[in-house]
Structure formats: structure tokens, C-alpha cells
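So the chains spell out like this:
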Amino acid sequence: MSIEKTLSRVTEKMIDSRPAPSDSIGAVAWLRSNLFAGPINTLFTLFALYLVYLLVVPSLQWALIDASWSGTSREDCTGEGACWVFISARLDQFIYGFYPSEETWRVDIVFAVFAALIAWLAIPKLPAKGWVAIVSLAVFPFIAYFLLHGGSFGLEIVGTHEWGGLMLTLVLAVVGIVAALPLGILLALGRRSEMPIVKSICVVFIEFWRGVPLITVLFMASVMLPLFVPGEVNLDKLVRALIGITLFQSAYMAEVVRGGLQAIPKGQTEAGMALGLGYWRNMGLIVLPQALKLMIPGIVNTFIALFKDTSLVLIIGLFDLLAIVQAGLADPKWLGYSIEGYAFVALVFWVFCFSMSRYSQYLERLLHTGHKKR
Amino acid sequence: MTTTTSASQGNTGADERPMIELKGLNKWYGDFHVLRDINLSVRKGERIVICGPSGSGKSTMIRCINHLEEHQEGDIVVNGMPLTQDIKQIEAIRRNVGMVFQHFNLFPHLTVLENCCLAPIWVQKRPRREAEAEAMKYLERVRIADQAHKFPGQLSGGQQQRVAIARSLCLSPEVMLFDEPTSALDPEMIKEVLDVMVELANEGMTMLCVTHEMGFAKTVADRVIFMDQGQIIEENAPEPFFNNPQSERTQLFLSQILGH
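Protein sequence lines, in the order shown, are assigned to chains A and B. If you're matching positions, the first sequence starts at 1 in the numbering used here and goes up one per residue. If you're matching positions, the second sequence starts at 375 in the numbering used here and goes up one per residue.
By construction, these hints were calculated from the structure, which means they are not laboratory data. Since the structure is predicted, the reported quantities are computational estimates derived from the model, not experimental observations. Every residue gets a Cβ at the ideal spot worked out from N, C-alpha and C, and that includes glycine. Fair warning: there could be bad hints in the mix.
[Unchecked claim] Capping the alpha-carbon separation at 25 Å, the derived lysine-lysine pairs in BS3-like fashion look like this:
1) Lys129/A with Lys499/B
2) Lys565/B with Lys592/B
3) Lys524/B with Lys125/A
4) Lys293/A with Lys308/A
5) Lys524/B with Lys565/B
6) Lys462/B with Lys199/A
7) Lys524/B with Lys293/A
8) Lys129/A with Lys524/B
9) Lys266/A with Lys524/B
10) Lys462/B with Lys266/A
[To be verified] Simulated restraints on C-beta separations:
11) Asp520/B with Met14/A: 25 to 35 Å
12) Lys592/B with Lys199/A: 47 to 57 Å
13) Trp402/B with Val351/A: 55 to 65 Å
14) Ala466/B with Ser193/A: 18 to 28 Å
15) Gly527/B with Leu54/A: 44 to 54 Å
Bound conformation, chain A alone (with noise of 0.2 Å):
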């Protein structure tokens, strides 16, 4: 009996939807269930704040509160903190290098037009993306060049041993991210070629210089390559140094990229291709919008390790911004701040590299086009 009438059963009332009970959203029941679920929990959430109370307080306290921020000299630094003189005493010299103090005006405007060129490629409501992307890749080069090295339109030459600093860093991170990734993209399309020379000669290229280490490479750069190529071929060691990088970080770009497009469906080259769309078009219309999609993470992280790699080239004796805060270590009349130095330096680095890490999210989440939840 009873079975028979489980067997038969009609909804003829449709369930209204209710909201969820109030204790299971919002901010206490996040507290609650993440950080005081249970006696134990309750006990590591008081440990950890407690770690963090220690950590935190004594830092502040020295780096913030017992500070010593303005001054010329080490006797200006009085306070029991940290000695921040130091850095704004030598601000210049970490920024510009060695660059003459009455031309930095010209590294000024460089940067300014760059940091704008970014900014307007960067929000999306500004229009004429393309165009200024256009001046980006074709223009702004040349500008930047006539402007920092000079010798044309009566700007007095400033040769690249004396560039140096954030200012080196950024030129040796810039030039390097700007080439290697289109240098990747080819290589990676190469490697998956059905040409066999053309495939050959992208493995050979990628698997060489991914199996050296950047230091010889650069070192390789600066010291090997005036040996084999004649004489009156005299690169500049800066130009070195960025063709070693942009070789070795392409050969990592390129395995990045080839991650992306073994990614991509086969059925959606086959769409492309029933469609009349020629290889090239295919790629560049089709597998790679959606392949540099999902390789955004992968090719940040290429670039954050490209921008922080570049500390590599006091090698080769140029003074990047690490090299200069060093330099500046071993100054008698600085001795022993070095703590300040490099929390100067590791401030630096990690501004830029979280910046193109917090873009490179919200790029993601700009070009996600799916239904699914992120």
C-alpha cells in the first residue's frame, strides 16, 4: 500500500524562492565560519594574530614611527628607526644613475609620455586604443631613444654607460617584455608548425636558450660576442645585454605561448578553416585572442621574472637600480644602512611587479566572456 502511493505524486504548487538563512551569508558568518569554526580554530586564529601583533608593530615602529625621514647626511639620522636619509639623499642617483643631473629632465619626459601611453592603453573608456598603440610600438621607441641617448636636435649625447638605476631597469625591462613576447608568439607558432625545418629550428632555439642560464648568457653577451663579430662592429654593451635577454626570456615566452594554443580546441582551427580563413588569420584571429587569454597568468609571470632578472646585468658592470643602491652601500659615509637599501629596492621591485600582476587579473576578469563564475 504504502509503496503505491509513493510511487504516485503530483507537484501542483510551485515552491517560491526564499532567501538564504541570514546566519549563512554575510560578515559574521564569514568570522565565524573561517575563523572561530571551533574551539582549535578559535585557538590558531589567536596564535596567528598574535604572530602577525609581533611581526607587525616592530616593523612600523622602526620603519614608520621611529624614522628618521628628512636630512642630508648620516648625522640626521637620530632616531632609533630606520634611516631613511639615506635614500632621499641619493633619490637621484638610484633613479637616474650616472646620468648628468642638468639633462634628467630628459629621462623625466620619457617616462612621463610612457607612464601615459600605458595609462591610456590601460583604461578601457579612452578611445583610439589602436592608434596610440600604433605610436606605442612605432613612435615612441624612436622619441624615447633621441631623447635619453641624444645626439640629434642639439641634445648633447648621454652614452649608456652613463644610464643607470630604476631608470636602466626600466629601459632593460621595457625593450625586453616589448620584444620577447611577439619574438615568443613566433617561436611558439614554429615549434608547432607541420614545417619540419621550420619546426627544427624553433626547437633547436628554444631548448638552447632555456638550457643557459641568464648569466652566462649575458656574460657571453658582453665578453664572447666582440670576439667573434669584426671589428668595426662595435654594439653598445646596453644593446648587448637586451639581445641576450630578449633571446633567453623569447625561448621562455615561447613554451608559455605554446602552453596557451595546445589549450585551444582543434575544433576551433577547423571553424576557422571551413570558413575559407587562411592560417594566419586563423592564428591571429581565432587561437591566439583566445590563447593569450588564457596564457595572461603564464606571461606576467614570465614578465615580473623578466623585470626582476634584469638585476642580473651588474655583471656585466651595468648599475641597475639594485647595483646602485649597492654601490651606494659601500660608500663610507653610508656604512651600515643597508637594511634601508634594499627595503628601498625590494619596495621598488615589488610596486612594479604586484602592479602587473593586480592588471593582469583584471584583465582576465575584462575579457572573460563565458556565463561561468570566476
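Take the given structure of chain A and dock chain B to it, following the hints.
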């Protein structure tokens, strides 16, 4: 019913040249002989349904027609153009042949409208505005114009497949190939896609459909082809094909798919 009208459309005039001609087609995957001596001639306006067990080479055969698969022996002629190794010739044939895939293969990073306009703009070099107007016309026809600015990921499977059909139509192809267009769909959505296909058939489009929708085959097809182990086993008009199959394998296959 509609068969007669469109068959007469397809056969009128002096255009006796077949739309698609496969002659002695053979294909191997490594050592595996997937297509064996396929001979098939498709008239303009003819609707052909291809069925058969999985692995019988049906999809491979129609994918050879637009060179998504390469065949090793035999000749393929589409609308008078022989399929050669020349990439220009292949692309010319692809512009004449629309294809609808089992898994839709819409481009997820583009909106529905952009999916449809991509090939007209980049392959046919038409102005964007004109291509969009034309695409809207086709989206209207598959009854999905109101979703034109959504992304494929926001649509149901049936809606996506209708968009895929519209996308192919935007190049005004002479032939449409359907590779199991309803196999990946929920039962509720199969009908909306089949309806669009039936309409297309009634308008006189030359169609080759690999499908297991036997109802569709009965109402629309001029000819049903049964394939097994890389060969065409039986070929007939739908009425005798379903009511009086000649080959034992066809009988077995039909009894299995129509048995319940």
C-alpha cells in the same frame, strides 16, 4: 511533400554538372583504411542524409570534401572546382562549402554577430556594416537575432548550433555539410535545430547531413546513404531505404536504432 518542389528546383535548367563529385576516394589513418573506394555524386539542391555506426567513416568522408581531412587517393570536385593541394584552391572550395559541427565550434571570444561577420569581413573583404546587416538577416532566419550581442557561452546548445548554421550561411555557400549537428544537444533542443535545417532544405540548399535523426531523413532527404567500415553499403530514396532495406547490415543497423 517538399521533396518534389525543391528537387525540381535543383534539376531545372542545363546545369547537369554535379555539385559534389567523389570518385574512387580512399583514405588511411596510418595503416587503418578509413574510406574505401567512395563514389558519390550529389546534384545541386539534393539533400542527402548519411548514417551508419560510429567509426564507419561518415564524418571523415564529409570532412574530406572541404579538406579538413586529407585523402590519399581519388578525386573530389566541388561545384566544378577540383580539390587539389593548392591552398588557394582549397580556400576557394571552403568558401563555397559551409560546415556545421557536432560541437558547434563557435568562437567563444566573439559575440554572436562577430562570429557571423568574421569570414565575410576577412575572407570576402566586405565592409563591416554590410556584413553585419547581412548577418542579422541570417540570424533572423534562424530566429536568434535578439541574442546577436551575447557571447556563445551565454547561449544554450540549441541556440549555439543555430548561430553556427547562420555563421556558415553568411558566406552564401552552395553546399552545406552537417557533421552530426544534433548529437551534442539535449533532447529538448534537437527540434529547434532540425526545424532550421528543414527550412534550409525546403529553400533548395544542397545538403549533406551526417545524422542519426531518422525522422529528419524520412521527411527531408532525397537520398539516404548507409556507411559501414569505410564503404557505402546502401544508397536509396528514404521510403525504400527505411521500408525495404536490401543489405543485411543496413537491416541490422536500422533495427538497432529504430528498435525501441
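The hints, checked one at a time:
no. : hint                               : result
1   : Lys129/A with Lys499/B             : holds, 23 Å
2   : Lys565/B with Lys592/B             : holds, 15 Å
3   : Lys524/B with Lys125/A             : holds, 20 Å
4   : Lys293/A with Lys308/A             : holds, 24 Å
5   : Lys524/B with Lys565/B             : holds, 22 Å
6   : Lys462/B with Lys199/A             : holds, 23 Å
7   : Lys524/B with Lys293/A             : holds, 19 Å
8   : Lys129/A with Lys524/B             : holds, 23 Å
9   : Lys266/A with Lys524/B             : holds, 23 Å
10  : Lys462/B with Lys266/A             : holds, 22 Å
11  : Asp520/B with Met14/A: 25 to 35 Å  : holds, 27 Å
12  : Lys592/B with Lys199/A: 47 to 57 Å : holds, 50 Å
13  : Trp402/B with Val351/A: 55 to 65 Å : holds, 60 Å
14  : Ala466/B with Ser193/A: 18 to 28 Å : holds, 24 Å
15  : Gly527/B with Leu54/A: 44 to 54 Å  : holds, 48 Å
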